[in-house]
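> Sequence:
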Amino acid sequence: MPELPEVETYKTYIDSTALHQRITAMECGDKRLLKQPQSDFETHLIGQEFKATQRIGKYLFIETTGEKVLVLHFGMTGRPHYYKTEESRPKYAHIVLTFENGFHFGFENKRKFGWWNLTSSIAEFKVEHKLSDDARNLKLDDFKNALEGRKTDIKKILMDQSVAAGVGNWMADEILYQAQMHPTKKVNDMTTEAIERVFEAMKKVIEVAIENDAHYADFPDHFLMHFRKEGATCFHTGAKIEKIKVGGRTTYFSPEWQKL
DNA sequence: CGTTATGTTTCACT
DNA sequence: CAGTGAAACATAAC
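Sequential numbering from -9 applies to the first sequence in this note's numbering.
In case anyone wonders, no lab produced these hints; they're calculated from the structure.
Worth double-checking, as some hints may not be accurate.
What the hints assert, rightly or not - Here are the simulated DSS-like pairs of lysine-lysine, each with C-alpha atoms no more than 25 Å apart in a straight line: (1) 120 - 146; (2) 1 - 193; (3) 134 - 146; (4) 146 - 129; (5) 116 - 134; (6) 175 - 230.
Please model the entire structure based on the sequences and the hints provided.
Right, here's the structure in full:
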């Protein structure tokens, strides 16, 4: 389920479990998850330690004591899992590192859309992958600049990783619900006030989600995540939530509440 | 069996 | 260049 808040919880999890331990082995059950030959990862990881982590959007960077930075992307179904015994090995841990202390760092990825890579420079990686600043730290002026000249649906813009890195499908729906903005509103038709409203909603959704460890059940009652399904009841209007496609992605919204 | 799923990349068009 | 829609990638769950 990894969008920005989920990956932030993964970061915290890794920071509190897997840092500062010598890596002794690597295994990978499906090489398609590796963007480089496994031997490259082994060369740069074995004998090294995780030193610190950084997150930009949905990408997690793990700095090591070696010269390369490990880059993780979780795809649609991924999470890290730190465990000790083989019995507790997660079923879909397709990539596993073993530490000197006997624990393992498993990369769970049921659908195999996630991957690992190595980079020499996080800054370079960010440019190559056209990532904006992380949505959590993004400045209003940069957001406005990124919208300049764009004419498409606000939802597509929000999910554009070069505009606000980290916003994915559920967050875009939640942000637009909070901002009372219709998902297919064209950005060139939006007033400055409306753009600022969406920006503020984005910030709020991010902080609320992180505060609650991306645990949707703990989100405030007026958050769309509680009724983000077709035919469910909108908290504010009591009307039915509708399902449409925007930019090829399933989109849930409340027609009366979210104005075009 | 068919549909759907929280992501990214690529490609053929307009 | 901006934008679109579709396809591809893999697989489990409903």
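> Flag every earlier hint the structure violates by its number, smallest first.
none
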